[in-house]
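Work the whole structure out from these sequences, hints included.
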Amino acid sequence: MLGSLILLGICVFLFFHLIGIHRPKNFPPGPWPLPVFGNLLQLNLNNPLNDFKLLAERYGSIYSLYLGRNPVVVLNGIKAIKEALVTKSADFSGRPQDLLTSHITERKGILMTDYGPAWKEHRRFALMSLRNFGLGKQSMEKRILGEIEHLVGKLKKHSGSSLNPQTLFHNAASNIISLVLFGTRYDYDDETLKQYIALFTENNKIINGPWSIIYDTFPLVRFLPLPFMKVFKNTHLLKTITIALLNKHKETRVPGKPRDFVDCYLDEQDKKENGSTFDEMQLIMYILVLHSAGTDTSSNTLLTAFLYLMVFPDIQEKCQQEIDDVLQGKAEVSFEDRHNMPYTQAVIHESQRIANTVPLSVFHLTSRDTELMGYNIPKGTIIIPNLSSVLSEEGQWKFPHEFNPSNFLNEHGQFEKPEAFIPFSAGPRVCLGEGLARTELFLILVTLLRHFRFVWPKDAGEPDFTPVFGITIAPKPYRMGVRLRHPAREMTSQ
1 MLGSLILLGI CVFLFFHLIG IHRPKNFPPG PWPLPVFGNL LQLNLNNPLN DFKLLAERYG
61 SIYSLYLGRN PVVVLNGIKA IKEALVTKSA DFSGRPQDLL TSHITERKGI LMTDYGPAWK
121 EHRRFALMSL RNFGLGKQSM EKRILGEIEH LVGKLKKHSG SSLNPQTLFH NAASNIISLV
181 LFGTRYDYDD ETLKQYIALF TENNKIINGP WSIIYDTFPL VRFLPLPFMK VFKNTHLLKT
241 ITIALLNKHK ETRVPGKPRD FVDCYLDEQD KKENGSTFDE MQLIMYILVL HSAGTDTSSN
301 TLLTAFLYLM VFPDIQEKCQ QEIDDVLQGK AEVSFEDRHN MPYTQAVIHE SQRIANTVPL
361 SVFHLTSRDT ELMGYNIPKG TIIIPNLSSV LSEEGQWKFP HEFNPSNFLN EHGQFEKPEA
421 FIPFSAGPRV CLGEGLARTE LFLILVTLLR HFRFVWPKDA GEPDFTPVFG ITIAPKPYRM
481 GVRLRHPARE MTSQ
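Going by our numbering, the sequence shown opens with residue 1, and the numbers climb by one from there.
It is worth saying that the hints were derived from the structure and are not from the lab.
Hints are not guaranteed to be accurate.
Derived CB-CB ranges, DEER-like [said to hold, decoys possible]: (1) 477 - 253: 38 to 44 Å; (2) 463 - 334: 28 to 34 Å; (3) 233 - 167: 21 to 27 Å; (4) 54 - 120: 19 to 25 Å; (5) 464 - 154: 20 to 26 Å.
Using 25 Å as the maximum straight-line C-alpha spacing, the simulated PhoX-like pairs for lysine-lysine come out as follows [as the list claims (entries may be wrong)]: (6) 25 - 142; (7) 272 - 230; (8) 79 - 25; (9) 79 - 417; (10) 476 - 205; (11) 53 - 398; (12) 318 - 330; (13) 330 - 156; (14) 233 - 257; (15) 142 - 156; (16) 82 - 25; (17) 142 - 157; (18) 476 - 194; (19) 330 - 82; (20) 79 - 398; (21) 230 - 194; (22) 250 - 239; (23) 458 - 157; (24) 154 - 194; (25) 194 - 205; (26) 233 - 272; (27) 239 - 318.
Heads up, the beta-carbon is just placed ideally off N, CA and C, and yes, glycines get one too.
Right, here's the structure in full:
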C-alpha cells in the first residue's frame, strides 16, 4: 500500500514536472504560474489593469506572467518602457505571430507584421505618403474641416436638447480616415458606414475578451466552433467590402496622380518588380487596420474630452474664451492656431492622457536574447508595454490621478508636453496615425467649442467616469446636452 502511494506520488510529480512551466534563469520576477494555465486564473480578464498595477507594486517596474505556457514580460513606468522600445528597439520591436490578432491580419499590413525589411519598407512608404499627402498640412485640414461641417450641422439639429455622441463621433472619425484612404465620405445614415463600424466594434469586443485569451493560450481549441470564429467571419466580410471599394476606386484612378493613400500605394505597387511585398492583399489589410485604429482611438478620446468638459464647465468656458480671442474674425480654425492656444492644447492633451485609449499598446516580441534593467529576456518573449502606468505615473505628473490641464502648463501658463506623455507608444513602432490624430482632435474640439456649449443633462443622473476596458478604452455611454453659442450672430466672417 505504501509502495503504491509512493509510486502514485512519483507519477504525479513527474506529470506536473513535464507540463509545468519553468522560469528561465534571471527572468523578471512574478507570480508563480500554474501548469497549462499559467497566470490566467490570477487575472481579471475583463479588465486586468488593476491587477497589473498591484503586480507592479509587488514585483517592480518589470515583472513576468505566463499566458498558458507563453512567457510575458510587462513593462511599467517611463524608464522601463523607453529603455525597451527606444534605446533597445532592435531587440523589442517584434510582434507575436501566433496570436488571434496576427492570424486575423494574416501578418499583413503594418500592425502585426514582424520587425524586418518588409515592415521597414512599408513603414517608410506609409510615413512618406501620409506626409506628402498633407497630414497636418492644408490639404488634409480642408478635408477634416469639411467633415466637421457635417458634424456641426448634426449638432445644430439637437441644439436645446441632448443626444448620444458615441455614434456621432465614431461616424465622423470613420469618415475622416476614409477621406485619407479613399478620398470619399459617407452620409451618417449610409449602410456601408454603419456596417463597417458595427463589424469593427464586434471584432474589437471579441479580440479583447476571454475568448481571445483562450484562442491564444490553447491552440488545440482553435478549430472548434467557439465565439472567436466570428472574428474571422467578420474580417472576411470586411475584406469583401473593401475589395469592392478598391475596385470601384481603381476605375477613376489616374496613375502618377495620387488623390489619396490608396492611389499612393497603387503607384508604388506599379513601380515594384516581381517578388515585391507591395501587393493587393497587403493594401486591403492596410486599409482595415488603419480604418479600425483611426476610428476607435480618435472617437473615444473625443468622448472622454466632452465628458469632462461638461462636468467641469469652468474649464470649458476658459477654452472658449481662448478660442474666441484667437479666432476673432477668422472663418475657421487652422492647425497652426494651436501655437496661440496653450490652454486649449493642454485640455486636449489632458483628455488624451485621461482617456488612456490604448492602455496596453500593441504587444511586442523580443527578436533575440536580450537584457533589460538587469534581467535576462529570452528571444520570443511577449512584451506588454503598460502605457497606462506611464500616463498616471507618480513623479511624472503634477496631478497624476485627476483631470487637470495644469499637467501640461508651466508656471507661466505656457504649453509643455512632459516626457511621460506617450499615448501613441514610443520607438519605431509608434502609432502611424499620430499626426492625423493630433490634427483631427484639435480641429474638431476647437470648432465644436466655438459653436456650442455642452452641458450635462439634468435628467442624466451623476456622471460615471468608470471606463469600459477594451483594445481601446472608452467612457461609459452618456448623453450630451447641446446649446448653440451666440445664436444671434454666427461667426462674423462666415
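Okay, the hints, checked on the actual structure:
Checking the proposed 38 to 44 Å range against residue 477 and residue 253 shows it holds: the Cβ atoms sit about 40 Å from each other. At about 33 Å, the beta-carbon gap between residue 463 and residue 334 stays in the expected band of 28 to 34 Å. A hinted range of 21 to 27 Å for the beta carbons of residue 233 and residue 167 is consistent with their spacing of about 24 Å. At about 38 Å, the beta-carbon gap between residue 54 and residue 120 misses the expected band of 19 to 25 Å.
At about 25 Å, the CB distance of residue 464 to residue 154 agrees with the hint of 20 to 26 Å. Taking the CA atoms of residue 25 and residue 142, the gap is about 56 Å. The hint is violated against a cut of 25 Å. At most 25 Å may separate the alpha-carbon atoms for a hinted pair to count; residue 272 and residue 230 exceed this at roughly 36 Å. Restraint check for residue 79 and residue 25: satisfied, since their Cα atoms lie roughly 23 Å apart, inside the 25 Å limit.
Note on residue 79 and residue 417: the hinted pairing holds, with a Cα-Cα distance of about 17 Å set against a maximum of 25 Å. With a C-alpha separation of about 14 Å, the suggested pairing of residue 476 with residue 205 holds against the 25 Å cut-off. For a cut-off of 25 Å, the pair hint linking residue 53 to residue 398 stands: about 20 Å separates their Cα positions. At roughly 19 Å between alpha-carbon atoms, residue 318 and residue 330 fall within 25 Å of each other, so this suggested pair holds.
A threshold of 25 Å between alpha carbons decides the hint, and for residue 330 with residue 156 the separation of about 20 Å falls inside it, so the pair holds. For the given pair, residue 233 sits about 35 Å from residue 257 by alpha-carbon distance, which is inconsistent with the 25 Å threshold. For a cut-off of 25 Å, the pair hint linking residue 142 to residue 156 stands: about 21 Å separates their Cα positions. For the hint linking residue 82 to residue 25, the alpha-carbon distance of about 24 Å falls within 25 Å, and the restraint holds.
As the CA atoms of residue 142 and residue 157 are separated by approximately 23 Å, the hinted pair is consistent with the 25 Å bound. For the suggested pair residue 476 and residue 194, the alpha carbons sit about 20 Å apart, so the restraint of at most 25 Å is met. About 41 Å separates the Cα atoms of residue 330 and residue 82, which puts this hinted pair outside 25 Å; it is violated. With a CA separation close to 18 Å, the supplied pair residue 79 and residue 398 stays within the 25 Å bound.
The straight-line distance between the Cα atoms of residue 230 and residue 194 is roughly 18 Å, inside the 25 Å bound, and the hint therefore holds. With a C-alpha separation of about 16 Å, the suggested pair residue 250 and residue 239 falls inside the 25 Å cut-off, and the hint holds. Between residue 458 and residue 157 the CA atoms are separated by roughly 20 Å; this keeps the pair inside 25 Å, and the hint holds. Distance restraint check for residue 154 and residue 194: the Cα-Cα separation of roughly 16 Å lies within the 25 Å cut-off, and the hinted pair is therefore satisfied.
Distance check on the hinted pair: residue 194 and residue 205 sit about 17 Å apart at the alpha-carbon level, within 25 Å; holds. Under the criterion of a C-alpha separation no larger than 25 Å, the hint pairing residue 233 with residue 272 is inconsistent with the structure, at around 32 Å. For a cut-off of 25 Å, the pair hint linking residue 239 to residue 318 is broken: about 45 Å separates their Cα positions.
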